[in-house]
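Asks: These are the residues of each chain, in order.
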Amino acid sequence: MNLRMISYLLGWVLNVQSLCMLLPVAVGIFYQEPQWQAFGIVAFCSLLLGVLLTLKKPKRTAFYTKEGFVTVAMSWLMLSLCGAVPFVLTKEIPNYIDAVFEMASGYTTTGASILTNVEALSQCSLFWRSFSHWIGGMGVLVFLLMIVPLTGGNMMQLMKAESPGPSVEKLVPRVRQTAVILYSIYFALTLLEILMLLAGGMPWFDSITTAFGTAGTGGFAIKNASIGYYHSYYLQGVVTAFMLLFGVNFSVYYFLLSRKYRQAFGSEELRWYFGIVAVAIICIARNIHAGFYPDSWFDAFHNAAFSVSTVISTTGFAISDFSQWPQASKFILFLLMFIGASAGSTGGGMKVSRLILLIKSSLREITAIVHPRGVHLVKLDKKRVSDDVIKGTTSYFTLLILIYALSVLLVSFDNFDMTTSMTSVAATLNNIGPGLAAGIGPKGNYASFSVLSKLVLIFDMLAGRLELFPMLVLFSPKTWKGSLGAIKRRISWNRKSMYQEKNP
Amino acid sequence: MNIIIIGCGKVGATLAEQLTNEGHDITVVDVDPDAVKRVTSICDVMGIVGNGVAHRVQKEAGIDYADLLIAMTGSDEQNLLSCLIAKKASSCITIARVRNPDYITERSFIKEKLGISMIVNPELEAANEITRLFSIPSAIEVDTFARGRIELMKTILPRHSPIAGMTIKNALGKLSGRILICVIERGSEVIIPSGDTMLCAGDAISFVTTRKDAASFFKKAGLPSSHISSVVIVGGGKISFYLAQKLSEIGFHVKIIEKDKEHCEFLTTILPNDVVIINGDGSDQNLLLEEGVDTADGFASITDIDEENVMLSLFVRSNFTAKTVTKVNKLNFEGIIDKLDIGSVIYPKYITAEMIVSYVRALENTTGSNVQTLYNIVGGKVQALEFNVRSQSAVVGVPLSALRLKPGLLLCCISRHGQIIIPGGSDCVELGDTVVVVTTSKSLNDLKDILA
Numbered sequence: 001m002n003l004r005m006i007s008y009l010l011g012w013v014l015n016v017q018s019l020c021m022l023l024p025v026a027v028g029i030f031y032q033e034p035q036w037q038a039f040g041i042v043a044f045c046s047l048l049l050g051v052l053l054t055l056k057k058p059k060r061t062a063f064y065t066k067e068g069f070v071t072v073a074m075s076w077l078m079l080s081l082c083g084a085v086p087f088v089l090t091k092e093i094p095n096y097i098d099a100v101f102e103m104a105s106g107y108t109t110t111g112a113s114i115l116t117n118v119e120a121l122s123q124c125s126l127f128w129r130s131f132s133h134w135i136g137g138m139g140v141l142v143f144l145l146m147i148v149p150l151t152g153g154n155m156m157q158l159m160k161a162e163s164p165g166p167s168v169e170k171l172v173p174r175v176r177q178t179a180v181i182l183y184s185i186y187f188a189l190t191l192l193e194i195l196m197l198l199a200g201g202m203p204w205f206d207s208i209t210t211a212f213g214t215a216g217t218g219g220f221a222i223k224n225a226s227i228g229y230y231h232s233y234y235l236q237g238v239v240t241a242f243m244l245l246f247g248v249n250f251s252v253y254y255f256l257l258s259r260k261y262r263q264a265f266g267s268e269e270l271r272w273y274f275g276i277v278a279v280a281i282i283c284i285a286r287n288i289h290a291g292f293y294p295d296s297w298f299d300a301f302h303n304a305a306f307s308v309s310t311v312i313s314t315t316g317f318a319i320s321d322f323s324q325w326p327q328a329s330k331f332i333l334f335l336l337m338f339i340g341a342s343a344g345s346t347g348g349g350m351k352v353s354r355l356i357l358l359i360k361s362s363l364r365e366i367t368a369i370v371h372p373r374g375v376h377l378v379k380l381d382k383k384r385v386s387d388d389v390i391k392g393t394t395s396y397f398t399l400l401i402l403i404y405a406l407s408v409l410l411v412s413f414d415n416f417d418m419t420t421s422m423t424s425v426a427a428t429l430n431n432i433g434p435g436l437a438a439g440i441g442p443k444g445n446y447a448s449f450s451v452l453s454k455l456v457l458i459f460d461m462l463a464g465r466l467e468l469f470p471m472l473v474l475f476s477p478k479t480w481k482g483s484l485g486a487i488k489r490r491i492s493w494n495r496k497s498m499y500q501e502k503n504p
Numbered sequence: 001m002n003i004i005i006i007g008c009g010k011v012g013a014t015l016a017e018q019l020t021n022e023g024h025d026i027t028v029v030d031v032d033p034d035a036v037k038r039v040t041s042i043c044d045v046m047g048i049v050g051n052g053v054a055h056r057v058q059k060e061a062g063i064d065y066a067d068l069l070i071a072m073t074g075s076d077e078q079n080l081l082s083c084l085i086a087k088k089a090s091s092c093i094t095i096a097r098v099r100n101p102d103y104i105t106e107r108s109f110i111k112e113k114l115g116i117s118m119i120v121n122p123e124l125e126a127a128n129e130i131t132r133l134f135s136i137p138s139a140i141e142v143d144t145f146a147r148g149r150i151e152l153m154k155t156i157l158p159r160h161s162p163i164a165g166m167t168i169k170n171a172l173g174k175l176s177g178r179i180l181i182c183v184i185e186r187g188s189e190v191i192i193p194s195g196d197t198m199l200c201a202g203d204a205i206s207f208v209t210t211r212k213d214a215a216s217f218f219k220k221a222g223l224p225s226s227h228i229s230s231v232v233i234v235g236g237g238k239i240s241f242y243l244a245q246k247l248s249e250i251g252f253h254v255k256i257i258e259k260d261k262e263h264c265e266f267l268t269t270i271l272p273n274d275v276v277i278i279n280g281d282g283s284d285q286n287l288l289l290e291e292g293v294d295t296a297d298g299f300a301s302i303t304d305i306d307e308e309n310v311m312l313s314l315f316v317r318s319n320f321t322a323k324t325v326t327k328v329n330k331l332n333f334e335g336i337i338d339k340l341d342i343g344s345v346i347y348p349k350y351i352t353a354e355m356i357v358s359y360v361r362a363l364e365n366t367t368g369s370n371v372q373t374l375y376n377i378v379g380g381k382v383q384a385l386e387f388n389v390r391s392q393s394a395v396v397g398v399p400l401s402a403l404r405l406k407p408g409l410l411l412c413c414i415s416r417h418g419q420i421i422i423p424g425g426s427d428c429v430e431l432g433d434t435v436v437v438v439t440t441s442k443s444l445n446d447l448k449d450i451l452a
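Sequences listed follow chains A and B, in order.
Quick note on numbering: this note's numbering labels position 175 of the first sequence as 175, and the sequence is numbered without any gaps.
Quick note on numbering: this note's numbering labels position 172 of the second sequence as 172, and the sequence is numbered without any gaps.
These are calculated hints, taken from the structure and not from any lab test.
Please note that a few of the clues may not be correct.
Said to hold, decoys possible - Below, simulated EDC-like cross-link-like pairs (lysine to aspartate or glutamate); rule was C-alpha separation at most 20 angstroms, straight line:
no., chain 1, residue 1, chain 2, residue 2
1, A, K383, B, E17
2, A, K160, B, D34
3, A, K391, B, D196
4, A, K170, B, E354
5, B, K10, B, E354
6, A, K170, B, E17
7, B, K37, A, E169
8, A, K382, B, D32
9, B, K174, B, E189
10, A, K383, B, E60
Claimed, not checked - Here are a few chain A residues that face chain B, going by a calculated C-beta distance under 10 angstroms:
no., residue
11, Q157
12, R176
13, R271
14, S386
15, D388
16, I390
C-beta: ideal position from N, C-alpha, C; glycine also.
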């Protein structure tokens, strides 16, 4: 394990974070709020530490998959821990664990909040919450790849560990250029949404923070009623559309821009994604029409569409309290939570492409029983999917269910009802935010959970955002065995030589 | 440049690595997913799995925007075909590896009529390199600049060398205008010397010169300058075929030892009569002695097994006086191999990759004074670079003594209108010159970078 290289990269992550924190400082100064000082202090301290760590480039730059995973997991953990400090300093979230929960929820684009009254926060804190969605959406290390001159193919490991999907492909030969393309698309789409929201009469600050929340598929709103605050079909429609768009694989946009229309629209995942969305909207609209919107089919479809988009893209905005909806609708939303957005998007969840692979490889087993000597391959986009990817996908699914079950068990000690325990974990592990029970639904929050539950949910959010493996690798004793041994040996050797010096 | 490499074998992978390091955007194509994965996991390139001959696959690899396509698969026909298709599909330049001896006479036809810009034959290039090493027996490494007019040679000073213990200025004496010692390796130390540096026995010294002056220097240094006349080759592959052909052309007595009976018969039919083909196991000591390794001047171990090659050369070096050349194909332990006392070592994959890389550099260098040729010498610690001076800069037209050069850097040779100048303080670089620079710093891209 190349610890020096890892700490070098972590230093860069700190530098990036302190630069990002200058934005809330600017917002605070603009609105003349005293809270900006807290952000200023934290930005300065983390920059100091970051610069110390990045002052000297490590001599040995060997970097392998293991290091990549550990770096990514540690970066995200560190970001959540550091990003939470300003909230404590401004006393807006006095409890540090609560602040970390809020920040982890921000960076992992979950959008689950422990705040009972969001509107009481200062503008700069609100901005920081929403901005953390935008940073976390595309990934900090992908951003790092763009600005830090890191060489070698192994830097691909960082991108692989941070970007969602069963197999991460480059768009162009260079990692750095791939990162630049992804961020440009991300930036352009965000800008487009801001402009469209402004056109609908939303105030500047609200448009920017809402666009950040949508782009990262996060879901922190600046109003207690979330997007329901804006009584405008246009604004709610724009947010619905953009939530769906940010849940699409970004390579589709790249293909569209480079005029490879066949490759763009030929994507199997894209068709499944919109297919699932359409079916879910129709089912839910029919289900809620009679009980909730008896006068208007339009309203039923509008609310169904918004809720389906918000859950499948794992955003977590709300215009209506879907935790009150009929059981069938709630269960469809529960399933959508696990399916999640497309691979290579900013959304969370299991990803549509993994679902396709799981279904196809399970069906293959059935055909293999009917035709024992037949040769059966799993194909996606008319290309063979290698057995490694299938193996990775099935073990991902197994681990997801295991972690889910274990987390629900731990959370259930708080003695909430079954729906609350089960959907709170589902909503955080899949980075959605609001659950399907009244207490934690679009109108509720996570404040009433115990400290243990909050810690479990923080872990779930980080594990879910990084697709399980980086966090598991970080906490696996096997990862550290060799390196800890090396450190121990060095210490004991130093002791021995000191001892020998003293007693020759 | 956007470059597509088809085939991720040894040469393909080496090329991908070197070309990305020089800042090109590479896409590799191979039918074997594992081969693609191996390359993409070590260098920053894009990988595509598929048959590189297919137009669809080439399109996916971005042939529309590619400047260059290099076909390096194991099959000559596939390489030629993919180059032809790429040529029709876009306006890119193509390079193909063609190694079958049957096509060797067709080289110019292929280039002219099929429009393929460069044909590489790794075995032929390796044979050329070995021939060069045998014709300068005292040098253990020879690299060429300025299309072969300047040579950078490396030799080891023997124990009783008359010039050991002298300063370079005194040692060279009359030769000082025609030869320049640019690197001295002493143990693990690397020295870029000045005129007052002392030479010691056992030093590995690299110097720039022409072949004629090299002979007089070897004589002075107490190195055998006698010509090699008889060579034993172990292994009868394609390199051996080309090598035997070349060596017998310039009048060497060549013996090839090959295990496979049928292959021996084949070699006998296609090689000239004065090449002796022996059917037997080259690792059999008795056979080697029987066939006269002890009296041979040169010994080349070029079987397909690297370990066997290294062992054979060690055996010959420790018992006899013959100059040895060892072929290493796959082994990745260059640092260790260089430490062994086995004389010259050649790596066919690097020879091919280096040729193509320098071709790519030449393509790019239509303006400025960029790097034309680059050799990593002394285990990668020192670089020898060749620049073509094409534009006016702070270096041009100023006497060398007035230039403030970087430390650890030596401007060691200028080739002007085909004439070789070993520069002194009063010489200056002029437009149109080819300049060779030896340096320990690795950030030179343009000739003006030599200034401190």
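Asks: State for each hint whether it applies.
Replies: Taking the hints in turn, this is what the structure says about them:
Only pairs whose Cα atoms come within 20 angstroms are accepted, and K383 of chain A paired with E17 of chain B is rejected, the gap being roughly 27 angstroms. Pair hint K160 of chain A plus D34 of chain B holds up; C-alpha atoms about 18 angstroms apart against a cutoff of 20 angstroms. At roughly 66 angstroms between alpha-carbon atoms, K391 of chain A and D196 of chain B are farther apart than 20 angstroms, so this suggested pair is violated. About 27 angstroms separates the Cα atoms of K170 of chain A and E354 of chain B, which puts this hinted pair outside 20 angstroms; it is violated.
With a C-alpha separation of about 13 angstroms, the suggested pairing of K10 of chain B with E354 of chain B holds against the 20 angstroms cut-off. A C-alpha spacing of about 17 angstroms is found between K170 of chain A and E17 of chain B, which places the hinted pair at or below 20 angstroms, so the restraint holds. With a C-alpha separation of about 11 angstroms, the suggested pairing of K37 of chain B with E169 of chain A holds against the 20 angstroms cut-off. Between K382 of chain A and D32 of chain B the CA atoms are separated by roughly 17 angstroms; this keeps the pair inside 20 angstroms, and the hint holds.
Between K174 of chain B and E189 of chain B the CA atoms are separated by roughly 28 angstroms; this puts the pair beyond 20 angstroms, and the hint is violated. For the hint pairing K383 of chain A with E60 of chain B, the CA-to-CA distance comes to about 13 angstroms; that is within 20 angstroms, so the pair holds. Hint status for Q157 of chain A relative to chain B: holds, with the closest Cβ pair at about 8 angstroms, below 10 angstroms. Hint status for R176 of chain A relative to chain B: holds, with the closest Cβ pair at about 8 angstroms, below 10 angstroms.
At a threshold of 10 angstroms, the smallest CB-CB gap from R271 of chain A to chain B is about 20 angstroms, leaving the interface hint violated. With a cut of 10 angstroms, the hint placing S386 of chain A at the interface with chain B holds, because the nearest CB-to-CB distance is about 6 angstroms. Given the 10 angstroms rule on beta carbons, the hint for D388 of chain A holds: about 9 angstroms separates it from the nearest Cβ of chain B. For I390 of chain A, the interface hint is violated, the least distance from its beta-carbon to any beta-carbon of chain B being 13 angstroms, above 10 angstroms.
Consistency note: the structure conflicts with the earlier hints numbered 1, 3, 4, 9, 13, 16.
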